[in-house]
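Starting from the known structure of chain A, fit chain B onto it as the hints suggest.
These protein sequences, in sequence, are chains A and B. Just so we're aligned, residue 0 is where the first sequence starts under numbering that gives the first Met the number 0, counting upward by one. Just so we're aligned, residue 0 is where the second sequence starts under numbering that gives the first Met the number 0, counting upward by one.
No wet-lab data here; the hints were simulated from the structure. Positions of the beta carbon are idealized from the N, C-alpha and C atoms, including for glycine. Careful: at least some of the hints might be erroneous.
[To be verified] Calculated cross-link-like contacts (lysine-lysine; reagent style DSS-like; alpha-carbon spacing at most 30 Å):
1. 117(B) with 194(A)
2. 267(A) with 205(A)
3. 167(B) with 20(B)
4. 117(B) with 130(A)
5. 120(B) with 200(A)
6. 194(A) with 167(B)
[Unchecked claim] Estimated spans, in silico, between C-beta atoms of each pair:
7. 49(A) with 168(B): 46 to 54 Å
8. 422(B) with 49(A): 46 to 54 Å
9. 127(A) with 118(B): 40 to 48 Å
10. 119(B) with 179(A): 26 to 34 Å
11. 175(A) with 5(B): 38 to 46 Å
12. 21(B) with 175(A): 46 to 54 Å
13. 338(B) with 209(A): 44 to 52 Å
Chain by chain, the residues:
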Amino acid sequence: MMNGKHLSGEKPGNSKMRLAERITGSPSGQPIQIMTHQILGYPDFDTNYEMIRLFQESGARFVELQLPFSEPIADGPVFLHANQASLASGTTTKQCLEFAERVVTDFPGLSFLFMTYYNVVIQYGIEEFVKACAAIGIQGLIVPDAYPEESQEFMEACRQNGVEPILIVTPYTSSERLVYLSAVTGGFLYCAARKGVTGTKTSFGKETEAFITRVRSIARTPIAVGFGIQSDQDVRFLEGKCDIAIIGTQILTVLEQEGLSGVKRFLKTIIPA
Amino acid sequence: MMSGHKTVFQTISAAAEALVKDDGYYGNYGGSFIPEILVPAFAEIKEHFAAIKQDEAFWQEYCSLLADYSGRPTPLTYADRLTDYFGRAKIYVKREDLNHTGAHKLNNALGQVLLAKKMGKTRVIAETGAGQHGVATATAAAKLGLTATIYMGREDMERQYSNVFWMKRLGAEVIAVDYGSRTLKDAINEALRDWVSSFETTHYVLGTASGAHPFPAIVSYFQAVIGIEAKEQILRAEGRLPSRVYACVGGGSNALGVFQAFYPHGDVELVGVEAGGEGQGSGRHAARIAYGEGKAGVAQGFKTLFLQNNDGQMKDTYSLAAGLDYVGVSPILADLSERGRVRFTAATDTEVVEALEIIMKTEGLIPALESTHAFAGAFNDITESSGSDIFIINMSGRGDKDIFNVAEGLQDDEWKAFIRRKARQFENAAR
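For reference, chain B alone in the conformation it holds in the complex:
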């Protein structure tokens, strides 16, 4: 999968180590603010992660799974029709949607479930927002022979029920979280509550590059493959690096995945696109950095920028895309933003739905609503670019899961009529 004379571990660690810190601090952010009961669990993970970081056999096994099971490398598709549509920068799309289970999430889930197995665990737990991380964890657990429990906010279950269906069919237990905003942050809290009771047998497969140290580092390592491939692919296709790399940012795993390999190249602009929801000033968004409303704080085991009130209580977030609807952000990205290495912007729901229609009709691609934020961010910037620029957009996942939300967003009357017919069929059958 990775070319050249370097070993798999050397390639991954070279990309990840540019950003990942052994002490778990990224400028003012990161750390490990955990209840005492989790100290042994974190000590165990740190020890095993340090060991596997040096274990070439582990990385070979991991990369074999990525290649032979998940289907990597994913292509870097030249979006010629989209490029023509705007008539500015050349647009390339990194196709994480073509991973097995349809998103970049499987890279991390396979890595962490493999790590869990090495630690002797028999069960994994995970939180999920859009459901992709839940599906990926359930899939990896099925493949590697562990049991899985997935926590998901009730609100997100309603928005992403197709993924709930798949998680259950894959053998996972799915537990609805019925408090707070019933979204991703609440699912994380509930997974942590499970973990403080179960860490002896259970590994918590955190889905994004957030949480207490060493989770941001672990997830960065397992997602580094995205950028490693993209860099090789763009050099092969164009003979030079891109001008900009765009990725959507919820917790930050796909963004860090694609950014890491480009991070040392200062002339490549890295752009994180947050969920603008109903726009700045609406109070209904998840743009912690782009709207300047995130404030440093400690919650869920780590220090980062959170959307919170003056008393430190977390605010409710909102996005059309369940996977971006998170109150905090990766401490690594918070630091990169402060150091000016990643530029943050936001795309509103309206811009995302418009972008989705353009992408579908010009390229025949159906990105997830989360990933569509990255496209919308790039489209918002494209007038400032020229034909000599190259954009890479990380398409972190595919949009099949979003059919209900998209149909609703597009006010598709035919779809609504179909749903009504199906509902009547089920009701009649139940009588």
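Here chain A stands alone, though its shape is the one from the complex:
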């Protein structure tokens, strides 16, 4: 699968830098950094590639590549459809890893993370999957159903191979649990701004602010906020409050409705020049 040239861990660009350092050590001076998202194989890998090119050109710094799963229970209707369509067109884990290796090489200005569900990792082989990620240069893994208390093998494989396991917290996470999750997460804490699945609009206001403040007071890592960010106003709201704004569903919706040129326009509005 891997062609061998990166197995030493030597990757182009600054991706050797640990994820947290990449976030806090941003040379861009941006008040907030942007993480975008792609479901691999949807609508096809060529479009994924062009989207990633747009992400780099627009100044996004982090890209979440989702390996599709047949039962994506944390995803809303837009991502659900994309997962199913990608699999229906024959997308495999092997193809996703090969694609990731290509974009990590071709877009050194970006840091890449994988998002998927635990069964995809388990069936590949937990240790083998994490090693493959490390070899490619994938810096973090977001696996929402790898409940950390139940996924020691996965967490350990991440630690051993220098790939960050990114854990999610929500406004409903108790402070006691926040301390635990903050201690075991790698890279950053992913704050889901509300309950529910991906894709529904979040009303950003005092409650979000209070949640982020609570996380900030406990977290020992940078923090990223996602779920329901749909506009530049949402991103501006988060500036100064968290380190990364994660935009997923809205980008896919724009792609589906307005094509690549629409995505380019949208990215311009949300990412400061």
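Leaving out everything else, chain B in the frame of chain A:
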């Protein structure tokens, strides 16, 4: 309902605790692989379930509902004509079809809706395959004063429309799931998506002994009554335990219900019958264990044997019986199979339709297509038995709901002509 000096709770817990584990792991299976947003919801359920497990008043209320509302105990019917037909083992049928709403599902639905009420919830959601769990949940919600939303795959709605009709008439909202295989697993996913947005007011009444911990334990507790009664009844009728107990297995709730009380008796063989669909090697079945095609994995919040490809993507399943058409299996049953305590077999659609005709004509019983799998499994084995054997077959539900599928399976031309006449009547009336 339960005899002897033991309290209701002691009787139920003695049966359930033989199998149920507090840590939620059953050998290699079980666990709780949930997204972070559901952590508070599961913590709340665990806390309340632990409390009600010790609460005699709760179990008294539950058992009163079962007795005075659902109509328990259900009989254990000696199937004398069926026994004569085969001339081998004596066949007894545990009549869960005689529960109110026509299936064992009400045992669990009443228990969980009562639990939801104790937790202060005002709404319940549920998934349903054949519709029986949806009807049971809608019924329990109506009886106990909660609102209900039921998720059902579009394919299953078409197969079991009579149950959709009843759920709506019972006041439930029925939401069609239009993606994936449009069957039970997709309905579970959609119910989980609802729950991550609504857990503050809503309890998810999972219908089978699957899903994340503690759902397999909760459902096992609320279904334990089946085996407790059956054991008492067979001892009364025969003065001894049965040789074998048969139950169909989709997720596994009726099987665990009837198996639990017999589990400590190692000489009673427990047999789970899965949906063989179009047979082994056809790729169109839901026999995860019997055909040896299930592989350990994590989905829908728990670890069990799933029918999946090498990348971990779930395969489409198929069965004539919508309620057995599930891609995974209870982690408790997966473990019992591995430990050799439950033997798994499968019955094909053809065998099920043949079995149904025999049962109807010899016993005057109309089992659900799901339950008919248990009969078909027993019939497939019966030549190896003798007159000194006793079989108990758990008839988990009644077959009225299956009239369209059965008529189609039997190629009943009179029925088809009737449907055409009815359709013409409706069309003319609409003009």
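Here's how the hints hold up against the structure:
1. For the hint linking residue 117(B) to residue 194(A), the alpha-carbon distance of about 23 Å falls within 30 Å, and the restraint holds.
2. Restraint check for residue 267(A) and residue 205(A): the C-alpha separation of about 27 Å stays at or below 30 Å, so the hint holds.
3. Between residue 167(B) and residue 20(B), the direct Cα distance comes to roughly 37 Å. Violation of the 30 Å bound is thereby established for this hinted pair.
4. The suggested pairing of residue 117(B) with residue 130(A) is violated, with an alpha-carbon distance near 48 Å, which exceeds 30 Å.
5. For the hint linking residue 120(B) to residue 200(A), the alpha-carbon distance of about 25 Å falls within 30 Å, and the restraint holds.
6. Taken as a hint, the residue 194(A) and residue 167(B) pair is honoured in the structure, with Cα atoms around 28 Å apart against an allowance of 30 Å.
7. The supplied range of 46 to 54 Å is met by residue 49(A) and residue 168(B), whose beta-carbon atoms lie about 52 Å from each other.
8. About 51 Å separates the C-beta atoms of residue 422(B) and residue 49(A), a value consistent with the hinted range of 46 to 54 Å.
9. The beta-carbon spacing between residue 127(A) and residue 118(B), approximately 42 Å, falls within the hinted interval of 40 to 48 Å.
10. Range check, residue 119(B) to residue 179(A): Cβ separation about 27 Å, and the 26 to 34 Å hint holds.
11. At about 39 Å, the beta-carbon gap between residue 175(A) and residue 5(B) stays in the expected band of 38 to 46 Å.
12. Hint check: residue 21(B) to residue 175(A), Cβ distance near 21 Å, so the stated range 46 to 54 Å is violated.
13. For the hinted restraint 44 to 52 Å between residue 338(B) and residue 209(A), the CB-CB distance of approximately 50 Å keeps it satisfied.
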